[in-house]
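**Q** Chains as they are written, first to last, in this note's numbering: chain A, 1 to 120; chain B, 1001 to 1108.
Misleading hints may appear alongside valid ones.
Said to hold, decoys possible - Estimated spans, in silico, between C-beta atoms of each pair:
no. : chain 1 : residue 1 : chain 2 : residue 2 : range
1   : B       : A1029     : A       : T59       : 15 to 25 angstroms
2   : A       : A28       : B       : G1081     : 40 to 50 angstroms
3   : A       : H89       : B       : I1033     : 22 to 32 angstroms
4   : A       : S94       : B       : V1087     : 13 to 23 angstroms
5   : A       : R62       : B       : G1049     : 12 to 22 angstroms
Unchecked claim - Derived list of chain A stretches under chain B, where covered just means 3 residues or more per stretch with a C-beta under 8 angstroms from a C-beta of chain B:
no. : segment
6   : 5 to 19
7   : 26 to 36
8   : 61 to 71
9   : 76 to 86
10  : 97 to 111
Said to hold, decoys possible - Sample of chain B residues lacking proximity to chain A, with all beta carbon distances greater than 10 angstroms (derived):
no. : residue
11  : T1014
12  : A1029
13  : T1046
14  : A1048
15  : G1049
16  : T1065
17  : L1077
18  : T1080
19  : G1081
20  : R1082
21  : L1084
22  : H1085
23  : A1088
24  : L1092
25  : T1108
Hint data in this document are derived by calculation from the structure and do not stem from the laboratory.
Ideal placement from N, C-alpha and C gives every residue a C-beta, glycine not left out.
Residue-level listing of the chains:
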Amino acid sequence: MHRALPGILIGGVVGSAMRWVAVELGAAADFPSTSILLVVNSLGCFVLGVAVARWPDTTDPRRLTIGLGFAGGLTTFSALAVEVAAGIHHDDYSPIMTSVLAQLMAGVVFFMIGRRVTAT
Amino acid sequence: MTPVLFVVAAATGTFVRWQMWHHSGNRPAGTLIVNVIGAFILGVLTAAGDRSQAVGGVAGMGALTTFSALVAEMLDLWSTGRRLHAVAYGMLTFVLGVGAAWIGIAST
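Put together the whole structure using the sequences plus the hints.
**A** Take a look at the structure:
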């Protein structure tokens, strides 16, 4: 068994659980699902930026646990893809395109912030 | 959703994503494949609208797919001078992912 596997699995489960809590809390507060996705995806990109800068070796078990496991579990692409597909189905092109661009821009910005604050 | 099912689904999704990343040699192809497959399955589960959507969708497909790796890989391509590859990778992921989700929804 790969020595990093337990950490990767624990990180993935914890990240997924945090995303589920965020989705439940957001739904209870009537936040749009795209806004909740924006928050968890941005936070996950920040965490991955920190992990990449803190542990440059891609095989470092700590980077795999935090970056691949936790940040990967916290963020999601499938929910975003389904939101976009559903929006296209309902001819809501403008909000969907705005959401996709916002997700990408926020992801890039938060990843770079995470990398920058860790590198300095 | 029971905690045990959630943990099993999330751990399985994470394991498959790690294996794809590992066997693709840390290249974007692995992330692209899991994101497209995960989008398709979540589309099927969402259209089915039953209890499986909660476990398989939120935990399993959420853990299988990743947005952070997509962004990191796009930035890596961009910063190493392969800017066309970065843009193409991002566009391909969204087009194939949304298309797969659409097919998944429509097929149920």
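**Q** Output the indices of the hints that this structure fails to meet, ascending.
**A** Numbers 5, 7, 11, 13 and 16 - these are the hints that the structure violates, sorted from lowest upward.
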